[in-house]
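So the chains spell out like this:
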Amino acid sequence: MKFGVVVFPGTWSDRDCGWVIDQVLGQDLVYLWHKDTDLKGCDCVILPGGFAYGDYLRTGAIARFAPVMEQVGEFADRGGLVWGICNGFQVLCEAGLLPGALIRNASLEFRCEWTHLLVERTDLPFTSSCAERDVLRVPIAHGEGSYFADPATLSRLEQRGQVVLRYSDANGRVIPSANPNGSLHNIAGIVNARGNVLGMMPHPERCSEAELGGTDGLKLFRSVAESGLKVLVS
Amino acid sequence: MDERRLREVALTPDEYRVIVEQLKRAPNEVELGMVGVLWSEHCSYKSSKALLRRLPASGPGVVQGPGENAGAVEIGEGWSVVFKIESHNHPSAIEPYQGAATGVGGIIRDVIAMGARPIALLDSLRFGPLPASARHFEGIVAGIGGYGNCIGIPTVGGEVYFEDCYANNPLVNAMCVGLVRTEQLMRARAEGTGNSILLVGADTGRDGIHGASFASLELDENSAERRPAVQVGNPFLEKCLLEACMDLAHTDAVVAIQDLGAAGLTSAVAECAGRVEGAGARIDVARVPRRERGMTAYDLMLSESQERMLVVVRRGREREVETIFQAWDLTSAVIGEVTDDGQLTVVDGRDHVARIPVKLLTDGAPMRRLMGFPPEPPYGLEVDALPPLADPGATLLRMLASPNLASRRGIFRRYDHMVGDSTVLAPGGDAAMLRVKGTRLGIAVTTDCNARYCHLDPHLGAQLAVAEAARNIIATGARPLAVTDCLNFANPDRPEVYWELEEAIAGLAYACRALEVPVVSGNVSLYNDSNGESAIYPTPVVGMVGVIDDYGKRLGAALRAEGDFVLLIGSSHNDLGGSEYLKVEHGHVAGRPPALDLTRERAVNRLILSAAQSGYLHSAHDCADGGMLIALAECCLLGGIGVRCPAVRPEPPLRLDAALFGESPSRYIVSVPSRAMPEMQSLARRHNVELSLLGLAGGDILEFEGQLKVTLAELRAAWEALVT
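Just so you know, the protein sequences line up as chains W and H, in that order.
For reference, each letter of the first sequence is one residue, going 597 to 830 in the working numbering.
For reference, each letter of the second sequence is one residue, going 2 to 725 in the working numbering.
Simulated from the structure, these hints should not be mistaken for laboratory data.
In this text, all values refer to a predicted model and were calculated from it rather than measured experimentally.
Be aware that one or more of the hints could be misleading.
[To be verified] Sample of chain W residues at the chain H side, in silico, Cβ under 10 angstroms:
hint: 1; residue: T607
hint: 2; residue: D612
hint: 3; residue: Q619
hint: 4; residue: G622
hint: 5; residue: V626
hint: 6; residue: F647
hint: 7; residue: Q667
hint: 8; residue: F671
hint: 9; residue: G739
hint: 10; residue: F744
hint: 11; residue: H799
hint: 12; residue: E805
hint: 13; residue: E807
We treat Cβ as the ideally placed atom computed from N, Cα and C, and that holds for glycine.
Can you build the whole structure from these sequences, using the hints too?
Structure, rendered in structure tokens:
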């Protein structure tokens, strides 16, 4: 499985994602520069966390125009795996690859802390290593991570089961006190209808080794790595 | 010379006479401005330099001491850790958000200039009491987060205190820690006549002119007019600058990198040249990329626009370097060259602008000989006259909720403290710890200063700051390596303030020698006064770095397992002077700070390190502000585990209040699995250190039988009073 990690100016989770892919999982890794116009044959493109182009104007608003994003869009249309984490999720929404938007946290403050995530689908390439209704412990770090969509979009997302990750308590109960940023329906991560584009605010690359406080993030990386294997086998 | 003009550049008539004498002519306007900023207290250390020489600056492992952009110490396996702390007090008082943000930005560039990748930030903050100081508090915390979160360097530690004396003069001391392969450590020396000088990063604007001079004056009612002297930060640009500078490490075309900070281009060029005997520089300001029209040579030489660096490049290899900056869409321009005439020459195209000997700029400021005189010995304390402790449980809850002891979670969760995938001990305990990827090495980092102690006795207070920093490092299982210090004082022209400065530096020097931690970098911030009064407490902040060979053996403060023995290591005395207990329960800041025996301190430290190394400990926590009971409550709260203890029966003359809330130094709270107790006891005997069993970990109650009984939920509600 070859992972491509996109680097915009202002991206900072690129090396953290790269570390997990390369050093923890032992998968193939290539960094994709924002000015690149080809994806170098990777099987999964990660848009990592950071403040792409300073997030000036609006988070992700400038990044969507980067040359590499045109390729990412076509890749997603062909069914390629695209995974936006934190700032990457914001970019995917701005680029129209995922519905909705991420707005200022309800607290109006940046939040860096551990959250629990209820996994609502395990039939996706991103979550296949998770147990049914698994609860993952994954940290967030964002000032604008409150998921918002209009009521019609929201009910469509729910009906089609596109909500993959929801903020919950440690027992998987989706309750207001477990919601760190005011996201509608406690949404932490969604997929597109086809299931090959995932956006999530929490940082799985920050909890893929025990010394960093947990390894639940590795379940997601491993799912993607193994999904490649399945393709090869079938 | 017009006195008003002299005041504007912060020079005295005497200093002006020296300039004329040395130049053998009157300086022109630009030259006057250039000398003025470099001779400001902020840049020249003219009031403190003689005292700073007393600090120990060398020791095993030190690869770079004071005098460079930052200090550096080897940690093993070919790695060195680079670090420095710096104040941004004056700007933050006027414009809290940008003042704090650019303080963070500036200290990051100091570490980058050494060729190191920044891996951690810490911030030592002082405010007046809330809610009156909310503007400072909110702005400064937001500014630190705004810059650090955006640039992607974790903010992992620091400290926050609230005292009346900081109401008009908040303190913002930012520390940055970086990592570099020792052989790739850079030094900002303008070597090689004919080599090119490049200015890279942001374009130059009119912001921050006279910032260094402003930082060398007391604040007054006109200070708000100085707002233009506060710069505006652009962390995104600095992120690009950081990555481009990291890419420079792959080429040998670069001779030196220097941060542009206080006093902008003038200082950067002069410092870079001043580090090489006989070197000079010729700068053409016409080539400086600028962001506004009509800027004069004066503006360009004195601007403190942020996110700029100076790079000295081997002649003929400029293209290589420019290509790297272009890849990050950053401007770079050759603005001059290194010379061998010892002069800083400035031209504007064909016009001559200025010509001053580099040494006059960097070392020419006449040192000020100030007089120190001790003030009235402050505030005696009759410990015996204090009423006995009535209700230990109620006192504990009040103390936990006091602003100086309450949980800092509400602050540090606004900082990204995890980016980099290296934070193996997060904020909230003693020191934070970062792993060095690809090795088992861990770097422990902390800042400390109980300024109340320094106010009551600056010599002892400064020693206690060093000792507490070392204990914070040791509580994680790491060995202290070296110190960076940030000396925040009031106006040194006042004899009692200069006395405090002398005493504090002597105390730092004494403790650093005793604990074998050299001071490899630092910063002095004077004139932290407003309208000639409301002097701050002397606040010599100690930033310390330590190393552990295997971070797998690191210790946290949190209790880890039910059934563990909870021990107090070290001995307790009637140390209530300057304590939080005295302030919260009796409303006094009085007495002498706790006595510190550095020989005892070393023995206790050796015991903890040895026990940690042998794997006897499940947790360790320094006993500091608030004393034993506060430290124990923190161990419980961090671990989510209670402790049941028999009643405390202090042996006279030790009082119960002092046993529970006294702040005797050289003490730790540790937890030990029962199987390791015999070894732990014999180890303590061998080190001749007092060990007392407090109780057993377990349940969700903190109890001293018959004396106090509080649930963890009650403790947490009090402790998290500041978390909203």
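So, going through the hints one by one against the coordinates:
1. With a least beta-carbon distance of about 8 angstroms to chain H, the hint placing W/T607 at the interface is held under the 10 angstroms criterion.
2. Given the 10 angstroms rule on beta carbons, the hint for W/D612 holds: about 4 angstroms separates it from the nearest Cβ of chain H.
3. Look at W/Q619: its Cβ gets to within about 8 angstroms of chain H, closer than 10 angstroms, so that hint holds up.
4. Given the 10 angstroms rule on beta carbons, the hint for W/G622 is violated: about 15 angstroms separates it from the nearest Cβ of chain H.
5. Look at W/V626: its Cβ only gets to about 17 angstroms from chain H, farther than 10 angstroms, so that hint breaks.
6. Checking W/F647 against chain H by beta carbon gives a least distance of about 5 angstroms; that is within 10 angstroms, so the hint holds.
7. Taking 10 angstroms as the C-beta contact cut-off toward chain H, the hint placing W/Q667 at the interface is violated, the least distance being around 19 angstroms.
8. Below 10 angstroms, beta-carbon pairs count as interface contacts, and W/F671 has none with chain H, the closest being about 24 angstroms; its hint is therefore violated.
9. Checking W/G739 against chain H by beta carbon gives a least distance of about 7 angstroms; that is within 10 angstroms, so the hint holds.
10. At its closest, the beta carbon of W/F744 sits 21 angstroms from a beta carbon of chain H; the interface hint therefore is violated under the 10 angstroms criterion.
11. Because the beta carbon of W/H799 sits about 7 angstroms from the nearest beta carbon in chain H, less than 10 angstroms, this interface hint is met.
12. For the restraint placing W/E805 at the interface with chain H, the shortest Cβ-Cβ distance is roughly 8 angstroms, inside the 10 angstroms limit, so the hint holds.
13. With a cut of 10 angstroms, the hint placing W/E807 at the interface with chain H holds, because the nearest CB-to-CB distance is about 5 angstroms.
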